[in-house]
Structures are given as structure tokens and as C-alpha cells.
Amino acid sequence: MQSTNFLTEVGLNHYLILSALLFVTGMTGVLLKRNIIVMLMSIELMLNAVNISFVAFSKYLNNVDGQIMVFFVMTIAAAEAAVGLAIAVTIFKRFKEINIKFFEHLRG
Amino acid sequence: MLLSTILFLPLIFALIVLIWPQDKTIRHVAFGLSIVEFIISLIVLKDFDASSAQLQMIEKHMWIERFGIQYFLGVDGISLWLVLLTTFLTPIIILASWNSIDTKIKGFHAAMFVLQTAMLGTFLAIDAIFFYVFWELSLIPMYFIVGIWGGARRIYATIKFFIFTMIGSVLMLVAIIYLMYLTQQASGHMSASLLEFYKVKIPFVGGSILNLQSLLFFAFSLAFAIKVPVWPVHTWLPDAHVEAPTPGSVILAGVMLKMGTYCFLRWVIPLFPDAAEYWAWLFLSLGVIGIIYGALVAMIQPDIKKLVAYSSVSHMGYIIVGMFVFNHFGITGSLYQMLNHGVSTGALFLLIGMIYERTHSREISKYGGLAGVLPIFTIFFFIITLSSIAVPMTNGFIGEFLILLGLHKAQPVYVYFAVTGVVLGAAYMLWMFKRVFFGEKGELVKDEKHPLKDLSVREIAVLVPLVVLVFWMGLFPNHFLDLTKSSVNHLVTNKNKYYLEIKE
Amino acid sequence: MGNDAFEITINLIKLVAVFLLIVQAVPILVWVERRGSAFIQNRFGPNRVGPLGLLQLLADAVKFLTKEDFAPDKAIKPLFYAAPVFALIPAALAFAAIPLSVPLEIGGYVFRIQGYEMNVGIVFILGVSGLAAYTILMAGWGSGSKFSLLGALRASAQVISYELALGLSIVGVIMMYGTFNLTEMITAQQGAMKFHAFGYEITSRFLPNWGIFYQPLAAILFFAASFAESNRLPFDLAEGEAEIVAGFHTEYGGFKMLMFFIGEYGHMILGSSLMIVFFFGGYGLPGITVDEVRSWAAGVTDGAAGASVLTTLIHFLSFTVKLVLFLWIFIWVRWTLPRFRYDQLMDLGWRTMLPWALGNTILTALVIYFTSVLI
Amino acid sequence: MDHSLLMAILLLSPLVGFLINGIRYKNPTANLSGGIATAAVAISFISSLILVADLIGMPAEARKIHVSFFQWMAVDSFKINAAFYIDQISAIMILVITGVGSLIHLFSIGYMHHDKGVTKYFAYLNLFVFNMLILVLGDSLLTMFVGWEGVGLCSYLLIGFWFSDKEKAAAGMKAFITNRVGDAAFLLGMFVLFATFGTLNIQEMNALAPTTAEASWLGAITLGTLFLFIGATGKSAQIPLYVWLPDAMAGPTPVSALIHAATMVTAGVYMIVRLNPLFIVAPNTMMVIAIIGALTAVFAASIGITQWDIKKVLAYSTVSQLGYMFLAVGVGAFGAGMFHLMTHAFFKALMFLGSGSVIHAMHEEQDIRKMGGLKKYMPITHMTFFFGWVAIIGIPPFAGFFSKDEILWMSFHSPLGSPALWVLGAIGAAMTAFYMTRLMCLTFWGKSRVPKSVHPHESPTLMTIPLIVLGILSVVGGWVGIPEVIGHSLGDIPNLLEHWLHPVIKPIPNLTEAEHSMEWMLMGVSVSLATISAFIAYHFYVKSPETPEKIANSIKPLYNLISKKYLVDELYFGTIINPLINGSKRLWMFIDVNFIDKITYVISDLVRGGGGVVRALQTGNLQQYAMLIGIGIVIALSIIIMR
Amino acid sequence: MITDVLMFWFLALVVLGSGLAVILFTNPVYSALSLVMAMVGVAAVFVTLGAYFIAGVQLIVYAGAVMVLFVMVLMLFDLKRETHSFAAGKISGALKLISVGLFAGLVVGGIVMSQGYFVKENEKSLGAASATQSVNTVAGSQTNLNVVNTDNTKVLGTVLFSKHVFGFEALGVLLTVIAVGTVALARSKGGTHAKH
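Those sequence lines, one after another, are chains A, B, C, D and E. Once you know that position 20 of the first sequence is 48 in the working numbering, the rest is easy, because the numbers rise by one and skip nothing. Once you know that position 5 of the second sequence is 15 in the working numbering, the rest is easy, because the numbers rise by one and skip nothing. Once you know that position 351 of the third sequence is 362 in the working numbering, the rest is easy, because the numbers rise by one and skip nothing. Once you know that position 409 of the fourth sequence is 670 in the working numbering, the rest is easy, because the numbers rise by one and skip nothing. Once you know that position 15 of the fifth sequence is 314 in the working numbering, the rest is easy, because the numbers rise by one and skip nothing.
Each hint should be verified, as a subset may be incorrect.
[Claimed, not checked] Derived Cβ-Cβ restraints for the label pairs, each shown as a range:
#1 LEU218(C) with ILE301(E): 48 to 58 Å
#2 THR473(D) with VAL423(B): 18 to 28 Å
#3 THR473(D) with GLU450(B): 47 to 57 Å
#4 ILE219(B) with GLY893(D): 52 to 62 Å
#5 LYS340(D) with TYR426(B): 17 to 27 Å
#6 ASP57(B) with ASP858(D): 23 to 33 Å
#7 ILE213(C) with GLY42(B): 51 to 61 Å
#8 MET72(B) with ILE301(E): 48 to 58 Å
Hint data in this document are derived by calculation from the structure and do not stem from the laboratory. Where a beta carbon is used, it is the ideal one built from N, C-alpha and C, also for glycine.
Assemble the whole structure, with the sequences as input and the hints as a guide.
Below, the structure written as C-alpha cells:
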């Protein structure tokens, strides 16, 4: 299946790999960035990557449930963004900076 | 629909209380609502068919089909009076908390109503999982009642209470799930209904704890024994009682402890008859030890509330003993003693709460000579004391007598030990009574600047129903026993092949 | 995109044409706006260059193009330059999804008179027009100016807020027609008024079968919201001259400024078009179905192609007339109503329009349910 | 009138009195509340008179009035009715209770006149009468037990009537708890008997008892009756549970008269008599009863000799006399026991009331060393007290003589008795004569040792009337039961009491015909013993008051032991109560605080410690957490893919 | 066909490029704008997969609302360039990168190794079920299996409001909670340590 016509025959695997790479990109952001907001954005990126997988599966498995999942993911992403940003704003109000290190107060 | 109404009305009441706009009138509203609940619950009494041992007024709907979990309510002679006890005590408690709860009134009443639902659910649910939900639900409002409105060491007490109870419950959940699995083995479809559980024959081999029935028996028993509490897992009770606010203590002693004993009758004994019979010696011994130990330890407590708490341990010992003799007298006596204990210990806690409101102390040594200062209070306290030490013509006597009679019929040896409880009970109560009410005026009583006020009309109104009940139950026990008779009869005669039919 | 090279080419050309349509409409609109405002305010307006000042458009264009292209020192250059370019895109893209006339059928090919056909047109249009907020933000922040930033924040907050009302207000319409497809909506609005209720079929010869008669509240809400979306008076808080000079485009001049204008007018056109599509029968003639027109055209011309061209032209004309009317209303309102205060604006959006839109949705749902299910 | 109505009146009229006075408990009007209470008991008395009259009208074998009001409780085979019946035995009791009771109520009006809690007092007194009637009339052991505990309760309340005094409150508590020990045994007895007979109904049990064979020397009936007897030792103050009665003198004196002399303390005797068919088939129990009774009689009398408190002397005398009654029933002479019960009720109530009158006159002084020569101040009291005295020491023809003598004779003569018992009884009788005479001498005769501040005076009429009535009864009360031997020699005076009781008393098995000469001789011995010791006492305490002290000094250790009541209280405290309390404390500390709770602490510490270890991982660095998640996923994925 | 392929590669490039840009830009505003770009790209990917409605929603929700919030917040904070945009230390940074790399390798490897396993499995199960009824449709709607590739909005709606209605309701609750929580957070003054 692959090797010969990898470039010309786009299938499920292509989308999955695209999704995986996008996910990894987002993950890198989450792991390495200092700015909370950028971390949040990276999370959004990861979620989007997952969405690609869902939709791709939905198409190639002929099952509409995958797209429903995308809905749910989107809603949760929106919610997460709202709360995350609110927290970021609160942190910013206090420290005038939104570095992730301020969250270390929350250790157990 | 009646049982569902009774069961969930308090939840609606809790909501009403929560959204009630006026803080001033919230107590009145809650009181009125709880009275409504009580009146509705009286309909159950009216519609109850005393001649039948069947499960009555059932409501059955499938809840989670895959596991055979049902919304299943029903009442029979065993649970009837406990339901009424719950609905009866709630208005009294609300009325009694008029002054003692002065912060977060709204939350308190809401918690109270939620607790009422949980307790009623425990008594009414016939489905294991459904039952378990209520069983656990009852912990939460109680946790808050003790934890928010409690005394100085309330957090310690709540956590102890919670953890003790949780440990038992978790084992019970495992056992319930296993029983559900057994129903599937037996009948092919999974069910959590108690009636299905009854049909399962659980293998039993005497001589060892490591057989299925014994293990399940102990898993259930531990949960209920902690709730009761049976010696030696009783230590959460004194702490919880001492730290709980008055209404919390009352509901704890009055109803919550009964959840444990009731469940022995509803679950443990019918479900595991062989194991129950085989291990009866253990529970009889623990019960008798509880009776004596509770009384002895109660005697030397410096704190009135702790004394009453330990007396609860002693009284609950009687109830446990009564159930494990498996005859009419014992089981009837246990059922009756549950009600008695609810009424009289509840009233004791109320009374202690009233005096605590006035003096803010529960140290016995700081009192003395109260009888001269607060005569009405003394009269009430004395009547309740009599009920607590089981003087004839009060309710306590009937229960204690029947239990001991049953114990003697089944296991005469134990009764010689158990009967010391009769003496010790009188000893600790009267000694306490003497130290608090008689003698010279104690340091709290003689304070001239703040003379103690005798009971107000409201407080009398709180106590009168209880006192009336004390004598009513003592003089006309048949009014109460007649309704439980057929169920107890059914339980005793069919213990080893217990089943419950549904009354249409 | 198409099945063969010819089709693809035509489709690409179509796309460009629609874009140009918007761009070219702008100078005319500017002229209309200036003359119209003058008329309303009892002035002359541009009347020196050309007849009725028509050539003013050219003059203006030349002026804009020849102005010095500068950027403020504090500006963030990439964003500053990118913003005007992006300003064009949302409106143009969205407008491209609107069907302007019946499809043209020539020689086996069917050409839709719209940028591209989309099954979920409404969602797409809403989505794309939502992107407009970025251009504003980019411009505002990229300018490196306080006023710009404030204006941008105001404007984008406003856009987001009203997007909700906008989206919700047309939910009723969508439910009624049961489709996201704009063409299908227009088809459903053809002919005389006719609807089913409680098992009866009710017809009225005198009224066209337009959405406005079914969803009047939605129409009002949508129209108001599209004013806000396009940042026009009475919702032009983004450029409250007295407070923040000119809002997000304070620092812009010349051609870049013109691009913002184009964007704004593009939004106007888009809003008007959507009004027409949703509530005024789209390209359809009032009370007359496309088939009736087509059969008439077949009688007038010979050959299927000719009839098709005629039908398309007639409907395009119909659309244009409606569009012009609505654009005039836009201008009219701008010069009639005063500007809101910012809190009033937010109040109106969140506390008035949103609940009404929600109510409308629920009501529509109920009516649909009762008329269709509970006969 | 209808019997059930009469019975209801009989029972409920004191209860109504209690309720009325109980509701107006704060009202200090002695006359009104006393009137109500007395009237209530008097009504009872009248209705009991009517009932007894009806009873007399019945044929001798069918004399029984049985009234069942309602079913009290019914569980399976166990059915108890709130039913009451009057037979020959209980007829005597209700007459004594209501008759003596109303006299004592009357007396109390005067005695308690100035007390603030007078209304409460009368309420308690009425409640007591109510409970006592239930005890006496109940047709089953359980009904009897209701009254049994009820009178104990009233006794508790009345002993601790002046509760602000710590000692008195403690005395009440002591009485109740000691009684409770007996009650617990009573309960056990009921259980055993119920297991044996399947019923607790007294008549049914009495009917079944002769047909039930006793399996061994400690068979079910013996065991049951033994338990019942232990119950009786509690209520009737016998060894070993007598300790509460002397302390019970803390209550108002009329209370001592009514409860602790005339009625309640005799309940044990009454119970045994009522169950006599049952007891008679358990000879071992009977033996125990007789021995305990005789021992108590001597033991208590010996303590009585050394007491200085007028009421204490009477209290020990009561214990001693109760011992006689138990001796009587123990040897099977149930009739004699009943007889002595009745006469004792008369003369002991009289003496208590008399002492009350004295105490009243002496302004609450109870020490007889501070009295003396009261004869001239209080002639009526002295006179009536004198009748009581002669009655109790057994001088013919006063009441005590006949009853006591019959007991002594039966203890000798009955096959259940023995000469040893007679000897004990006779010693007791001598001691009784001694200490009663001592009391008489120190109180009424001899020189006055009254402090200057006190001016003794005769009590008001309200108090003297009961004294006079009881005095007369002390004189004539014995004539209903003149022994056959005397009656015969005086010209066939019948033994009315014996005839009356005959149908309900089971005869002693193997009773031989009485030898009259022996009976005469023993009678002579006991009377002369009593007379001699009375004379000695008179000599000691009137003629040469220094002699007793000399004797006491010469046997100092013994005297001290006796005057300290043989240190029984100390013994009980030292061996039972204190170890119990200290042990409980240790138990609590050891089991609850140090063991069970410690276990929970250990568990919680373990959990907390474990948490502490894991806590180190929680650096608060979000990205580190994320990295750990990532590494975890990598590991999980590798495992999945490698498989 | 070729257009679809070209489209995919183009979009993949755009999406991955802008995704990388998100984490590589030191200026968070650029990151955010890149993210918008990525999202629009993802929406386009959805279009190529035939999920038009999802694409539209993606535009409305993500690009239109969520990201606007991000951008607004960033602009409000006015965080210019950050000198240390990456937080990690040497060792942990290396560890993180290694784990990310391994993760990527494993996932991609897994996907490649799976050889379209899912599709085959699905076809197998479909083959079993196709005789009776179509699997992916809800009861009552007689749409064919190929529905995903054409206009599936109606199917989407039907499934969402029947099979997944519980999840839908749960999301409603979630959103309410989030709305309340956000308002509460935003109104608090300076975090949890502040004294009111």
C-alpha cells in the first residue's frame, strides 16, 4: 500500500499521520513553552489534531459518530479555553506575567 | 406513588428551602414542610395492611437494564415504623434547632431534608444498588451537619465517622456486586433486586469463615455493624455524638443507627440464614459485651453527651442481641427497641441540647441542683431517663423485656450477662441524674447574674410528642406491634428459605 | 471544483468575478453614501467632478493610490501591513457563497451564479465572517497605538457579541426551511405564500412566500445584528471619533485605508445579501416561481440556452434591485440614527437581542412541532 | 357496682390524684393538695372495702374478682393482659395499702405543712399507691413487675425528695440501684418460669406448679423461684441487698412509714405468698428463704441496738421484722407471714409516724441522745408509741405477739423449719425487745436531754388522729389471727385469718399435728426472753445510763463493728462499686482510647506517610506532570506495539 | 482526484507549518495568529474529508470565537517578545524532547504498521451486519452507508439528538458551569490569595 504510491494515493493513514504530527507539535508546545497562553494554544492544537483523526475515521469507517465526537471536543475545547484564559487573567492580575512557574504554588 | 412521594418530597423541600428568599421565615417554612411530610407518611400507616407479611405499596421500574438495577420501593412490617420514626423525628428536630443552629440556616435545613430522603430511601429501597445509593447518600448531609455546625473537634469526629462508615460500605458494595453476579449464575439474568437475592441459594459450609456465605455475611455485617455500632467498632459514635450539634445527634441516634440494625433484619439474616445462625454466637457475644461495656464506660464519662452516646452503644447491643436469637420475642423486641431508642435517646439529646444552649457546657461536674432551678426541664429529663433505663410503663421496658425474653428462650447463658445491663443502665443514668439535677447547685447553676430559664413553650412543644410516645408505646405496645406481627412471624418461620411476596 | 478543465476554469473565473463585484461595488457605494448623506442632511454632496459628481469615484481612487505608504514607528510591521489585506478576505469569501441567480445551463454544463456552491452555506458564511475580527485586531495591535488597540478591542468584542445574536436569530429560519443550503432556501421562498398547518394548506395570492412573513422577529434581529457586524452606525463604536480618534484604522491612510473601506462595504453587501436570501426570497421575483419565469422565457426566446440566459439575467436583476434597496437602507440608517454608548451596545446585544433570538428559536421550534407533529 | 368499674376506681383514683397534684406541682398549699391526695386514697379505700365485701359474700372456694382491661402486649405465645384480680391475699394487701395509706396521707398534711414541695410530695405519694396497687393486684408476674418497678421508682423519688441534699439524693439512687439488682433477678426469674410454664399468669402458674415435677435440686422452678426471691431480697431489704433501707430514712418520715415499713418493703413477702403453690414445690428455695430471713432478723436487730438515730433504729427493726416474715414464708407458714405483714404494717407504721411526730416536735432532730423525757410533752404520741412498742416486742395480747409467735412456732414445728431457725428467731425477738425498749427509754422516758433551744410540743390533731387509729389497730390487729392453741383455751375463738386464707394457701407437706405443750412452752420462752431483755434495757437506759457505755467499751471492737453496721456498705463499695468504676475507667482508656482508636491512628498514619512519600512527586511544575504523562504514554504505547 | 491529492498535501503543509509556527514564534501574538491559520487549515482538511458542517463549526467556534479570545487576551496583556520562550532546563528539556520524539515515532509507526487495520475490521463487521441493517444510521432514517461523503448534516443532527443526546445534555451542563466559573474567576481580584 505504501512506498509506491505514498504521494499520490491519499488514504486514512495520511490523515492519521498528519493528525499525529500535529498532535506531537502541540505536545511539544505544552511541554516546553513558558507562557500559559501559548500552552493553552498548544492544547488547542492537540485537540485539533485529534479532531482530524476523528473526522478521518468517520469518513473512512463510514460512521458519523466520529463527527459527533468532534462536536464534543470542540465544546470542551471552548470551555477549557474560557476557563484557562480566565485563570491566566487572574494570574496576570497578580503577577503581571503569565509564566507557568507561578503555578508551582499549587504543589501538594 | 405514595412511597416515591414520601421519599422524594424532602428533596423538593430541600430545594424550596434553598431558594426561599427570606432568612427569617426559613425555619417556619422548613418546619411546616416537615410536618407535611409527616402527615403524608401517616397515609402509609393508614393504607398498610397489617395482616399481610408481603411487601406493600411497591413501586418498581427498571433503572439500569443491563445490570438489572431497579427503582424498587416497598414497605413491610419491618420497615414501616422506621419510616414513620424518620418522618416523625424530623419536624421535632427542626423545631428543636430553632436556637441552636444560628449560622447557615438554609444549608442546615437543606441538609436535613436531604438526609431525610437518604434515610427513608435506606428503609424503603428493595433494590441493592438503589439501597446502596441512599445508604451512602446519608453520609454526606450528616458529614456536613457535624462538620459545619459541630463542636470544637468536629473535623476529627466527622472524618472518623466518615472513614469508619466508608470502610464497611465498600465491602458491602463488593458483596452486593457479587450477589448480583450470583443472581446471574442462578437465573440467567442479572438482578440487583433483593427479592431475587433471596432466591439465590448461597453455599454454606460450617466450621470455617472461608466459605461463600460466611464471607458475604461478614461483608454485609461489617458495614451494618459499624453503623449500628456494634462493639468494638463503636468508637466513632461517641466522638460523632459529642461533636455533632443537637439536631445532628438526635438524627444520628434516632434514625441513622437504626439503619444498621434494620439492615441486619432486611439483608443479613434473610440472605445468609445459615451463616447468621452459625455465627450467631459471635454477634450475641459482641452484643452482650456491648451492653455491658457501653454501660460501664458510660458510667465514668465526664461529659453528658458522651455518656448518652455510650448508653447508645449499650442499647444498640440489646438490639443486636435481639436479632440474633431468631425468635419472635427477640426480633419483635429489637424492632421495638429501635423505635424506643429513637424516641428516648433522641429526646435525651434534645434535652442535653437545651441545657447546653443555656450553659454552654456538658461537664457533669459543673452541674448539680438543676432540679431546683429548672423543674419542668427536670420532669422531662426524668421521664426520658425512665424510658432509657426501661422502667415499666415506658417504652423502653417493652423492648428490653422482649429481647431478654427471646434471648433466654434461645441462649439462656447469655441472658445472665445481658441482664447486668439492666442494673448498670440504671446505675449510670441515675448517677448522672443525681450529679446533674440533685445535690448542691453547681458552678454553672448558681450563677446569679445569668439565671437559667426554664423551658420555653417551643421546647415543651418539642418534648411533649416524645413524652406522649414514651407512655403510649409503654402502655399500648400492641398498637405498634400489631403492624409488625405478620412480618416478624414470616421472618421467623421462614428464616431459612426466606422470600418476600409482592402485594398488589 | 469541477470535472474538466473548462469547468474548472469557469469556476475560477467566477470566483474572481464575484470578488471583483464587491470591490467594484465599493466606489459606487461610496458615491451613493456621500450623495445620500448630503441628500439626507440637505447638502449637495460631491457634485463637481463629472455628472452628479460621479467621477469623484475615480478621483478618490487615484488619490488613495497615490498617497504615501507609511507605517508608524511603533507599529509591528508585518501585522500592520497584513491587516488591510486580510480585511478584504472574509466578506469576499462569504459573499462568494451567496447564489446571485438561478444556475445557467449551457451545453450540458450547469454554472451556478455564485462563487462556489456550499451545502452548509450559512455555517460557512457565519464562520468566515467571524474571521473579520482578526483583521481588526491585527490592525489595532499592529498599529502600536493606544487608540487603535482600544478601537480594535471594542470592535472585536462587539463583533463576537453580535455574532451570537446573529447566529441565533437565523436558527429559526434554518429550522423552518430545514436546510443550510441557501439555494434550497431561495427555492422554498418562491411563488405565492403557501404553507401547511394543522393539515390544511393555506395560500395567499397577494403575498410572496418570503421568510419575512414567517420570521419577522428573526428578520429584525438579523438586520440589526448585521449592522453591528459591519461596524456601521449606530454600532460604529470601533471608531468613536470623540473618544478614540478613528479606532483601529487611526494609523492607516491611503490605499490601506481604502481596503478597510472595501471590507466594511463588503460586510454591508454581505449582510444585505443574507437578508435577501433569508427573508426576501433571494433572487426570486415576488410571487413568481422560477419555473414560471423559465417557461415565459422559453416562450420569448428560442433555444434552451437563450431561455436559460434570460432567466438567469432576470433573476440577477431581481437580486440586484433588492440588494440596492437594502444597501440604501444601510446608508439611510447610518445618517439617521445616532451612535450607541458602549454599555448600551453590550446591553442590547446580550440582554435584548440574545434573549429575543432564543425566544424566537424556541417559539419556532414549538410552532413547527405543533403544526407538523400534533396535527 | 360493676367490679371492673370498682377496680378501675380503685386503681385510677390515686393516679388521678397524682396527675392533679403533678400538674399543680408548684402550688405550695398543703391542705388542698393533701386533701386531694388523701381523698384519692380514701376513695380507693372505700372501693376496696366494697370489693372485699363482695369477696366475702362469695363462696369461700370461688372468692376471686378478676378484671381484665385490655391486652397489654402480645407476641407470639407471649400474651400479657392489663388484668388484675383480687383474692384473699391481695384483699388483705389492698386494705392495708389504702387504709394505712390514707392514714399516712392524712398525717402527712400536718407533717409536710411547711414544706415548699408539698404538692409534689403528695403527687409522689399517690403515684406510689397507684403502683403498689398494681403490684398487688396484677394477675401476671409481668403486671406485678410493673408495680414492682413503679414502687421502686416512687421510693427513689420520695427518698430523694429533699434532693438538694447530696446525701439524700444519693440514698435515693442507692435504693433504686439496689432494687434494680433485685429486679434484674426478678426478670431472670420470669424468663425461667416462662420457659417452664409458657405463661406468666400467676393463677395459671399456681395451677400448673403442683403438676410439674422438679428435675433436680436446682431445677427450673427452684431456679426461677430463687431468682424471684433474689428480687424479693432487693425489694424487701434482706441480706445481701438490705443496705438501701437504712439509708432510705433520708426521705420524709411518713414516707418511711408508708413505703419502708408498711407496704412496699413487704412486697417481696407478698409476692412469695401469692405464688405459694409455686414456692412450695421448690423446697430448696424455701430453705434458702428461711435461712436468709432468720439471719436477716438477727443481723439487723443487732445493728439496731447500736443506732442513735430514731429512724435508723426503726429501719433496722423493719429489716429485722421483714426477716421474720421471710422466715415464716420460708418455713411454709405463708399465712403467718401474711399475718405478720399485716400487724407489722400497723405497728411499724404507727411507730414511724410516732417518730415523725417526735421529730416534728424536736424540730427535725433525730438523734435519740438529744431526746428523753418526752412523755410529758407529747402524751398522745407517747401513748400510741407505747402500743406500738408492746406490739413489736411481742407482749400478749398485742398484735405483734400473735403474729411473731406463730412464726416462731412454725419455724420450729414445720418440716421445713428447724430448731436452729427457732433459736435465731428467739434471739432476734430478744434483741428486738432490747432495742425497742432502748428507743422507748431514750426518747420518752428518763431525764430530758433536750437542748434548751428546743421546745417540744404535741403534734396537731391532724397528725395524732392517724396515730390513734393505728394505735388501736396495733392493739386489736392481732386478734384476727389468734392461734388455735390460745383460741382453743380461751373458748374457741376462731383463727379468722387462717380461715380466710385457707383456700389460697397450699398446706405444708408432711405437717404433723401440733403438740400444744411444746407450743405453750416455746411461747413462754420467747415472751419471757422479750420481757427480760426489755427489762434489762429499761434498767440500762433509765436506771443506770452509764452501764451501756461501759459494756460497749469492754467489747469495743465488736461494738464498733456493729455500730458501723458490720461495714457492709464499705465492703460493697470496696469490693464491687469502686473496682467497677475504676475498672470501667481503665477499660475505657485501654479499649476505646488506647486500642481501637490507636489502631485507627496507626492506619491513618500509614496512609498519611504513604501520601508524604508520593507527595514528593508533586512539584507543582505543570510541564513536569505533562512530561510524566507523556513518558507514561510512550511506555504504554511501546508495550502495546511490541506485543 | 489529483486535485484532492494536491489539496491534501497543500493543507498538510499549511497545517503543520502553522502548527510549528505556533510553538516556534517567540511572540505569543504571532503564535496565536499562526494557530488561527492552523485552524482554518484544519477546517479545510475537514472539507476535504467531506465534513462540511464540521468545517463550518470549526470556523465559527475555533477561529471565530475561541481564538479571538486568545488574541484579545494576549493583546490586552501586551506581552511583547519573550527572551526565554521555552521553559525547560537542559536535562528535562532533553527528556521532554526525547519523549515527544519517541511518542511521535511510536504513533506514526503504529499507524503505518496498522496497515489500514481499522478500515478492514470495519468492513468485516459491516459485511456481517449489512445483510440486516446499516450500522451507522439511527433507527428510522434510511440513509445509505455512503452518507458521510455527501450531505450528512441532517444525519449528524439526528444522531446527535438521539444516540448522543445524553452527551449533548452533559455538555450543556458543562457550558453552564464553565460560564459561571469563568465569570467568578474573572471577577476575583488577584487570585485566591487575595483578601476581600
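Subject >> Supplied distance hint 23 to 33 Å, evaluated on CB atoms of ASP57(B) and ASP858(D) >> reply: Violated: the Cβ-Cβ distance is about 47 Å, outside 23 to 33 Å.
Original post:
Is the distance from the Cβ of MET72(B) to the Cβ of ILE301(E) consistent with 48 to 58 Å?
Top reply: holds, 57 Å
Subject >> Range hint 18 to 28 Å (beta carbons of THR473(D) and VAL423(B)) holds or violated >> reply: holds, 23 Å
**OP:** Take the C-beta atom of ILE219(B) and the C-beta atom of GLY893(D), compute their distance, and say whether it sits inside 52 to 62 Å.
**Re:** Given a distance of about 40 Å, which is not inside 52 to 62 Å, the answer is violated.
Original post:
Are ILE213(C) and GLY42(B) spaced within 51 to 61 Å by their CB atoms?
Top reply: About 53 Å separates the Cβ atoms of ILE213(C) and GLY42(B), which means 51 to 61 Å holds.
Original post:
That 17 to 27 Å hint for LYS340(D) and TYR426(B) (C-beta), does it hold up?
Top reply: holds, 26 Å
Original post:
Do the beta carbons of LEU218(C) and ILE301(E) sit within 48 to 58 Å of each other?
Top reply: Holds, at about 50 Å.
**OP:** Given the range 47 to 57 Å, decide if the beta-carbon distance of THR473(D) to GLU450(B) lies inside it.
**Re:** holds, 55 Å
In this structure, the hints that do not hold are numbers 4 and 6, in rising order.
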